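S.K.: Spelled out, the chains give:
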Amino acid sequence: MIKVTNLRKRFGDLVVLNGIDFEVKDGEVLTIIGPSGSGKSTLIRCLNFLERPDAGVIEIGGVRVDAEKCTNRDIRRLRLQTAMVFQNYNLFRNKTALQNVTEALVVVKKMPKKEAEELGMELLRQVGLEDKRDNYPATLSGGQQQRVSIARALALRPHAILLDEPTSSLDPELVSEVLQTIKKLAEMDTTMIIVTHEMDFARDVSDHVIFMADGNIVEQGPPSEVLDHPRHERTKQFLRSFHANRKR
Amino acid sequence: MGVNFDPLYIFELLPRIIRYIPITLLMAVLAMILAIAVGLMIALARNSKNRLLSAGAAVYISFFRAIPMLVQLFLIYYGLPQLFPVFTKMDAVTAAIIGFGFKQAAFLAEIFRAAFHSVDKGQMEASLTVGMTKVQAYRRIILPQAARNALPGTGNIFISLIKETSLAFTLGVVEIFAEAKMQAAESFRFFEAYLAVALIYWLLIIVYSYLQQKLENVLDRPYRS
Ligand SMILES: Nc1ncnc2c1ncn2[C@@H]1O[C@H](COP(=O)(O)OP(=O)(O)OP(=O)(O)O)[C@@H](O)[C@H]1O
Ligand SMILES: [Mg+2]
Numbered sequence: 001m002i003k004v005t006n007l008r009k010r011f012g013d014l015v016v017l018n019g020i021d022f023e024v025k026d027g028e029v030l031t032i033i034g035p036s037g038s039g040k041s042t043l044i045r046c047l048n049f050l051e052r053p054d055a056g057v058i059e060i061g062g063v064r065v066d067a068e069k070c071t072n073r074d075i076r077r078l079r080l081q082t083a084m085v086f087q088n089y090n091l092f093r094n095k096t097a098l099q100n101v102t103e104a105l106v107v108v109k110k111m112p113k114k115e116a117e118e119l120g121m122e123l124l125r126q127v128g129l130e131d132k133r134d135n136y137p138a139t140l141s142g143g144q145q146q147r148v149s150i151a152r153a154l155a156l157r158p159h160a161i162l163l164d165e166p167t168s169s170l171d172p173e174l175v176s177e178v179l180q181t182i183k184k185l186a187e188m189d190t191t192m193i194i195v196t197h198e199m200d201f202a203r204d205v206s207d208h209v210i211f212m213a214d215g216n217i218v219e220q221g222p223p224s225e226v227l228d229h230p231r232h233e234r235t236k237q238f239l240r241s242f243h244a245n246r247k248r
Numbered sequence: 001m002g003v004n005f006d007p008l009y010i011f012e013l014l015p016r017i018i019r020y021i022p023i024t025l026l027m028a029v030l031a032m033i034l035a036i037a038v039g040l041m042i043a044l045a046r047n048s049k050n051r052l053l054s055a056g057a058a059v060y061i062s063f064f065r066a067i068p069m070l071v072q073l074f075l076i077y078y079g080l081p082q083l084f085p086v087f088t089k090m091d092a093v094t095a096a097i098i099g100f101g102f103k104q105a106a107f108l109a110e111i112f113r114a115a116f117h118s119v120d121k122g123q124m125e126a127s128l129t130v131g132m133t134k135v136q137a138y139r140r141i142i143l144p145q146a147a148r149n150a151l152p153g154t155g156n157i158f159i160s161l162i163k164e165t166s167l168a169f170t171l172g173v174v175e176i177f178a179e180a181k182m183q184a185a186e187s188f189r190f191f192e193a194y195l196a197v198a199l200i201y202w203l204l205i206i207v208y209s210y211l212q213q214k215l216e217n218v219l220d221r222p223y224r225s
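Residue numbers (the working numbering), protein chains in the order written: chain C, 1 to 248; chain D, 1 to 225.
Keep in mind the hints are simulated off the structure, nothing from the lab.
The reader is advised that the hints may include incorrect statements.
As the list claims (entries may be wrong) - Straight-line Cα separation of at most 25 Å, DSS-like style, residue types lysine-lysine; simulated pairs:
no.	chain 1	residue 1	chain 2	residue 2
1	C	K95	D	K121
2	C	K95	D	K49
3	C	K69	D	K214
4	C	K114	C	K95
5	D	K121	D	K134
6	C	K109	C	K95
7	C	K184	C	K25
8	C	K95	C	K132
9	D	K121	D	K49
10	C	K110	C	K95
11	C	K25	C	K132
12	D	K134	C	K95
13	D	K134	C	K110
14	D	K134	C	K69
15	C	K109	C	K132
16	D	K214	C	K109
17	D	K49	C	K109
18	C	K113	D	K49
19	C	K69	C	K95
20	C	K69	C	K132
Said to hold, decoys possible - Computed from the model, here is a short list of chain D residues facing chain C with C-beta under 8 Å:
no.	residue
21	A126
22	L128
23	T129
24	Q145
25	Y223
26	S225
A quick note: this is a predicted structure, and the numbers were derived from the prediction, not measured.
Where is the CB? At the ideal position from N, CA and C, for every residue including glycine.
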């Protein structure tokens, strides 16, 4: 389970997260939507302390960290509870596809290399890239890179996977292969928090949707409510402009 | 009498000068190793969030970039023993290696710093999110990528070093340039002697450049699409 309480973050005078609270149960998928600059990336990056929150309590898979009093050790323990999938993949550029998946197993988990490679191959197979095991990221398409990064995220068997706009950098024809991969994870009851602009996908995979604006959660609930019958004017406006843009 | 130039004498000299290539290369290679080690520490200190470390590194870079190599060699070889008697025992080759190394460390530090900066920020973030410590991330992910970025600049420093070792003659080290000088003084064939040593420097640097190109090809392999 993930439980976030009163999460606050500001950059200088700009309040980016204004006391965020939410929960994700095990095996659930939470989708975060909202206009650009509303704080979605900051929120997801605070969960693994890529950004250090100013205040708030984050509890993931039994590790509880209070942002105002935590040590580097606490932060690393929290980080091990999650894995991250970035918008621009961030694969290790000096490592092959397989090494990208096994790197943390060997270095962090101290797993023997051979065992790590077997697990790595299994994960590459799961994302349909076993034949790319020895390719460096530079020789993979964006969609393939993102699928490797999903395999990398799965390798440590994290409690949850955080995905920040996993398809936004992809050419349109590559989006669906990545969404399919994520959907498969959702069907296997992987706990995920996804920031996305793919509304149909969000409706399809989410158990819960949060709509954010200006550092606040404006509205949350199941996709059938938030996406199809929003109650707040702000949400309606966002979804309207979204559909209008898409038709153009 | 025509032009006073005896090309055959060059061929006579070459083998004599070549015998001193090992000492030239020894100084260049050891100074390079020292420069890389010190330069790396200075680069990391310069990039550190600790103000004192960063300022100290900045002063180091500024000082060693500013003073002429000769002045620095004299400072180390003739100056230090005055302050610390232990340095009286230091031989000229060691003094030269230290002098070259510490100076080029300042230039390397700037090259390394730029190389670290050119590694995408996302590489560190990805390393941290899979649970690596910062040290692990630097060693396994950031450093290898920075090394490839730094290779051309670092190679230029090594080329400078090979040439700079000629200054060691001022401390009494006999390397290829000193040998050429002595041969010239003996035979009064200055042009031939200095041309011979010039050709040897040229050759050394051609060979080195070839090796570096090979290394660049290997290090580049992961990044070619
Ligand atoms: N490191 C930073 N320093 C200063 N301001 C920042 C920093 N990171 C983000 N911001 C600001 O915080 C606000 C929220 O940014 P964030 O990236 O979380 O938005 P977002 O909802 O993910 O937007 P998008 O949909 O465009 O990705 C923005 O106004 C942004 O300019
Ligand atoms: Mg964002």
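S.K.: Indicate, hint by hint, whether the structure satisfies it.
M.R.: So, going through the hints one by one against the coordinates:
Restraint check for K95(C) and K121(D): satisfied, since their Cα atoms lie roughly 16 Å apart, inside the 25 Å limit. Using a Cα cut-off of 25 Å, the hinted pair K95(C) and K49(D) is violated, with the two alpha carbons roughly 28 Å apart. At roughly 51 Å between alpha-carbon atoms, K69(C) and K214(D) are farther apart than 25 Å, so this suggested pair is violated. For the hint linking K114(C) to K95(C), the alpha-carbon distance of about 17 Å falls within 25 Å, and the restraint holds.
The hinted pair formed by K121(D) and K134(D) meets the criterion: a straight-line CA distance of about 13 Å does not exceed 25 Å. Between the alpha carbons of K109(C) and K95(C) the distance comes to roughly 18 Å, so the proposed pair stays at or under 25 Å and holds. The straight-line distance between the Cα atoms of K184(C) and K25(C) is roughly 18 Å, inside the 25 Å bound, and the hint therefore holds. With a C-alpha separation of about 12 Å, the suggested pairing of K95(C) with K132(C) holds against the 25 Å cut-off.
Taking the CA atoms of K121(D) and K49(D), the gap is about 16 Å. The hint holds against a cut of 25 Å. Note on K110(C) and K95(C): the hinted pairing holds, with a Cα-Cα distance of about 18 Å set against a maximum of 25 Å. The hinted pair formed by K25(C) and K132(C) fails the criterion: a straight-line CA distance of about 34 Å is larger than 25 Å. A hinted pair counts as satisfied when its Cα atoms are at most 25 Å apart, and K134(D) with K95(C) qualifies at roughly 18 Å.
A distance of roughly 17 Å separates the Cα atoms of K134(D) and K110(C); the hinted pair therefore holds under the 25 Å criterion. Note on K134(D) and K69(C): the hinted pairing holds, with a Cα-Cα distance of about 21 Å set against a maximum of 25 Å. Between K109(C) and K132(C) the CA atoms are separated by roughly 24 Å; this keeps the pair inside 25 Å, and the hint holds. Taken as a hint, the K214(D) and K109(C) pair is broken in the structure, with Cα atoms around 35 Å apart against an allowance of 25 Å.
Taken as a hint, the K49(D) and K109(C) pair is broken in the structure, with Cα atoms around 29 Å apart against an allowance of 25 Å. Our distance criterion of 25 Å between C-alpha atoms is broken by K113(C) and K49(D), whose separation comes to about 35 Å. Between K69(C) and K95(C), the direct Cα distance comes to roughly 36 Å. Violation of the 25 Å bound is thereby established for this hinted pair. Proximity of K69(C) to K132(C) is assessed by CA-CA distance (about 44 Å); at most 25 Å being required, the pair is judged violated.
The closest approach between the C-beta of A126(D) and any C-beta of chain C is roughly 4 Å, which is under the 8 Å cut-off, so the hint is satisfied. A hinted interface residue such as L128(D) counts as satisfied when its beta carbon comes closer than 8 Å to some beta carbon of chain C; here the least separation is about 6 Å, so the hint holds. Checking T129(D) against chain C by beta carbon gives a least distance of about 4 Å; that is within 8 Å, so the hint holds. A cut of 8 Å between beta carbons decides the hint on Q145(D): the least distance to chain C is about 5 Å, and the hint holds.
About 5 Å separates the beta-carbon of Y223(D) from the nearest beta-carbon of chain C, less than 8 Å, and the hint is met. Hint on S225(D) holds. Least Cβ distance to chain C is approximately 4 Å, under the 8 Å limit.
In summary, the structure is inconsistent with hints 2, 3, 11, 16, 17, 18, 19, 20 from the numbered list given earlier, while agreeing with the others.
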